[in-house]
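Colleague: As a plain string of letters, each chain reads:
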Amino acid sequence: DTGVSQDPRHKITKRGQNVTFRCDPISEHNRLYWYRQTLGQGPEFLTYFQNEAQLEKSRLLSDRFSAERPKGSFSTLEIQRTEQGDSAMYLCASSSGTSYNEQFFGPGTRLTVL
Amino acid sequence: GDSVTQMEGPVTLSEEAFLTINCTYTATGYPSLFWYVQYPGEGLQLLLKATKADDKGSNKGFEATYRKETTSFHLEKGSVQVSDSAVYFCALSFPFSGSARQLTFGSGTQLTVLP
Numbered sequence: 001d002t003g004v005s006q007d008p009r010h011k012i013t014k015r016g017q018n019v020t021f022r023c024d025p026i027s028e029h030n031r032l033y034w035y036r037q038t039l040g041q042g043p044e045f046l047t048y049f050q051n052e053a054q055l056e057k058s059r060l061l062s063d064r065f066s067a068e069r070p071k072g073s074f075s076t077l078e079i080q081r082t083e084q085g086d087s088a089m090y091l092c093a094s095s096s097g098t099s100y101n102e103q104f105f106g107p108g109t110r111l112t113v114l
Numbered sequence: 001g002d003s004v005t006q007m008e009g010p011v012t013l014s015e016e017a018f019l020t021i022n023c024t025y026t027a028t029g030y031p032s033l034f035w036y037v038q039y040p041g042e043g044l045q046l047l048l049k050a051t052k053a054d055d056k057g058s059n060k061g062f063e064a065t066y067r068k069e070t071t072s073f074h075l076e077k078g079s080v081q082v083s084d085s086a087v088y089f090c091a092l093s094f095p096f097s098g099s100a101r102q103l104t105f106g107s108g109t110q111l112t113v114l115p
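Protein chains in written order, with our numbering: chain U, 1 to 114; chain R, 1 to 115.
Chain U extracted, bound-state conformation (with noise of 0.2 Å):
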């Protein structure tokens, strides 16, 4: 399968508890974004990258977030200190960044904070 793979699809954890989800993009796509999906919404723009580089954060970021892309494979999500209003499906995507810029998504790790 050569498409958006994350990990872990699933993770439950009590507020305070700092968590970290990684997300591995279509090996020659250049461009990875973030995003967060609360229920019965559709995604919202958190970041993103092209290669190594973190180009733009939503304000959506807060400070207890954290992205990184080290040697612009690969990508983490870190979040410090979780809350409960940080229970959602975070979702990556992919893009070779061709004109139009097709993303191609990942299955999304669900997070939940009790």
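Just so you know, these hints were derived from the structure itself, not from any lab.
Don't be surprised by glycine CBs; every beta carbon is placed ideally from N, CA and C.
Take the hints with a grain of salt, since some may be wrong.
[Unchecked claim] Listed next, the stretches of chain U that the computed footprint assigns to chain R, with coverage defined by at least 3 CB atoms under 8 Å from CB atoms of chain R: (1) 82–90; (2) 104–110.
[Said to hold, decoys possible] Calculated Cβ distances over 10 Å to all of chain R for the following chain U residues: (3) I12; (4) V19; (5) N30; (6) E56; (7) L61; (8) S66.
[Stated by the list, open to error] Label-pair restraints from in silico Cβ distances: (9) R:L114 - U:Q80: 42 to 52 Å; (10) U:E102 - R:S107: 33 to 43 Å; (11) U:R64 - R:G61: 37 to 47 Å.
Fit chain R to the supplied structure of chain U, relying on the hints for placement.
Modeller: Frame of chain U; chain R shown alone:
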């Protein structure tokens, strides 16, 4: 800011019925428009797209026409199947401006097709 508004769901249809899911957008400029579909347990998949006014995107029997005058991109299918049951998202992006070109999504419409 930019936004996408979809008709509220859920939508329940019988097999072979005609489907319309309304989508309108608010944006400064001329975005590209997309429909994504999310089947149960799977990631979002691009269903179709249109990149300029009057373009018609089509795929798997689904169609949508980019209407600049009404800022709309309604999704249609002439005869739905049980396998079309999924959540459908309308989205926009600006592919030629800025660096991120991120997608802005509507809230999604749940479609259930009954046999």
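Colleague: Hint by hint, say whether it matches the structure.
Modeller: Do the hints match the structure? See the list:
| no. | hint | result |
| --- | --- | --- |
| 1 | 82–90 | violated (count 0) |
| 2 | 104–110 | holds (count 5) |
| 3 | I12 | 18 Å, holds |
| 4 | V19 | 20 Å, holds |
| 5 | N30 | 12 Å, holds |
| 6 | E56 | 4 Å, violated |
| 7 | L61 | 12 Å, holds |
| 8 | S66 | 18 Å, holds |
| 9 | R:L114 - U:Q80: 42 to 52 Å | 46 Å, holds |
| 10 | U:E102 - R:S107: 33 to 43 Å | 22 Å, violated |
| 11 | U:R64 - R:G61: 37 to 47 Å | 44 Å, holds |
Consistency with the previously given hints fails for numbers 1, 6 and 10, ordered from lowest to highest.
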